[in-house]
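Engineer: Sequence:
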Amino acid sequence: MILTQEGYKKLQEEYRNLIDVERPDVIQAIKEARAQGDLSENSEYDAARDRQAKVESRITEIEHIFDVAIVVDSSSEGEKAGKKIYLENFVTYRDLSTNEVSTVKLVSTIEADPFAEPFAYVSNESALGKAIMGQVPGSRVPVESPDPYEIEIIKASKEAPVK
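Following this note's numbering, the numbering of the sequence shown begins with 8 at its first residue and continues without gaps.
Read the hints as simulated data drawn from the structure, not as lab findings. Note that beta-carbon positions come from the ideal geometry of N, C-alpha and C, so glycine has one too. Hints may contain errors.
Simulated restraints on C-beta separations [unchecked claim]: (1) I66 <-> P144: 38 to 44 Å; (2) Q43 <-> K137: 43 to 49 Å; (3) R101 <-> D80: 16 to 22 Å; (4) P155 <-> S64: 21 to 27 Å; (5) A134 <-> G44: 25 to 31 Å; (6) D80 <-> E20: 36 to 42 Å; (7) P121 <-> E20: 20 to 26 Å; (8) P153 <-> E21: 19 to 25 Å; (9) K90 <-> R65: 36 to 42 Å; (10) E159 <-> D57: 18 to 24 Å; (11) P155 <-> V75: 30 to 36 Å; (12) K90 <-> R58: 42 to 48 Å; (13) P153 <-> S64: 20 to 26 Å; (14) D45 <-> D154: 25 to 31 Å.
Make the full structure from the sequences, and use the hints.
Structural biologist: This is the structure in structure tokens:
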């Protein structure tokens with residue numbers, strides 16, 4: 008499992024928030040709900056326990072990611088490879104079947120968010136991510152998806168383009 012420096016930092020921030028803020032809040036909510044008496048008909052207690060389960064589950068999930076993830080420094084990868092496209096690059100490409108131009112950010116699977124604004128975060132393991140990873144601007148590459156298509160990579164940069 009690959010994780011970018013940016014993704015690692017965001018996970019660390021989320022983890023600290025869960026440990027330092029969310030967990031203590033949940034514990035306090037459970038204490039307050041217990042103080043109300045009969046737990047069998049106490050919806051606040053049930054809600055607090057549900058929230059506790061979600062918080063603890065996410066903490067465990069993030070700890071697992073930290074245990075198995077490989078954090079990459081993609082800035083040096085691009086330099087070594089002669090400006091090839093790697094994680095954390097913003098990539099502008101043209102779909103040759105529709106002539107539509109799009110820009111995406113190439114990230115790890117954990118960080119992928121196709122609905123991110125102003126640019127979609129595309130996983131390096133997705134069909135599009137696999138097609139552009141390691142390529143250079145000017146390349147025409149096929150995207151092996153259920154409905155295959157070809158793209159032309161217009162530009163790639165570590166900096167987000169102005170939209």
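Engineer: Would you say the C-beta atoms of P155 and S64 sit inside 21 to 27 Å of each other?
Structural biologist: violated, 38 Å
Engineer: Does the Cβ-Cβ separation between K90 and R65 fall within 36 to 42 Å?
Structural biologist: At 37 Å between Cβs, range holds.
Engineer: Can you let me know if the beta-carbon spacing of E159 and D57 is within 18 to 24 Å?
Structural biologist: violated, 49 Å
Engineer: State, for the Cβ atoms of A134 and G44, whether the hinted interval 25 to 31 Å holds or is violated.
Structural biologist: violated, 56 Å
Engineer: Measuring from beta carbon to beta carbon, are P153 and E21 in 19 to 25 Å?
Structural biologist: violated, 33 Å
Engineer: Just to be sure I understand the hint, the distance between the Cβ atoms of K90 and R58 should be within 42 to 48 Å; is that true here?
Structural biologist: With a Cβ separation near 47 Å, K90 and R58 satisfy 42 to 48 Å, so the hint holds.
Engineer: For P121 and E20, compare the CB-CB distance with the range 20 to 26 Å and indicate the outcome.
Structural biologist: holds, 22 Å
Engineer: Looking only at beta-carbon atoms, does the pair P155, V75 fall within the given range of 30 to 36 Å?
Structural biologist: holds, 32 Å
Engineer: Range hint 16 to 22 Å: satisfied by the CB atoms of R101 and D80?
Structural biologist: violated, 30 Å
Engineer: Can you tell me whether the CB distance of D80 to E20 sits inside 36 to 42 Å?
Structural biologist: violated, 19 Å
Engineer: Take a look at whether the Cβ-Cβ distance between Q43 and K137 falls inside 43 to 49 Å.
Structural biologist: Given range 43 to 49 Å: violated, Cβ gap about 54 Å.
Engineer: Lying within 25 to 31 Å: is that true of the beta-carbon distance D45 to D154?
Structural biologist: Given a distance of about 58 Å, which is not inside 25 to 31 Å, the answer is violated.
The structure fails to meet hints 2, 3, 4, 5, 6, 8, 10, 13 and 14 from the earlier list, while all remaining hints are met.
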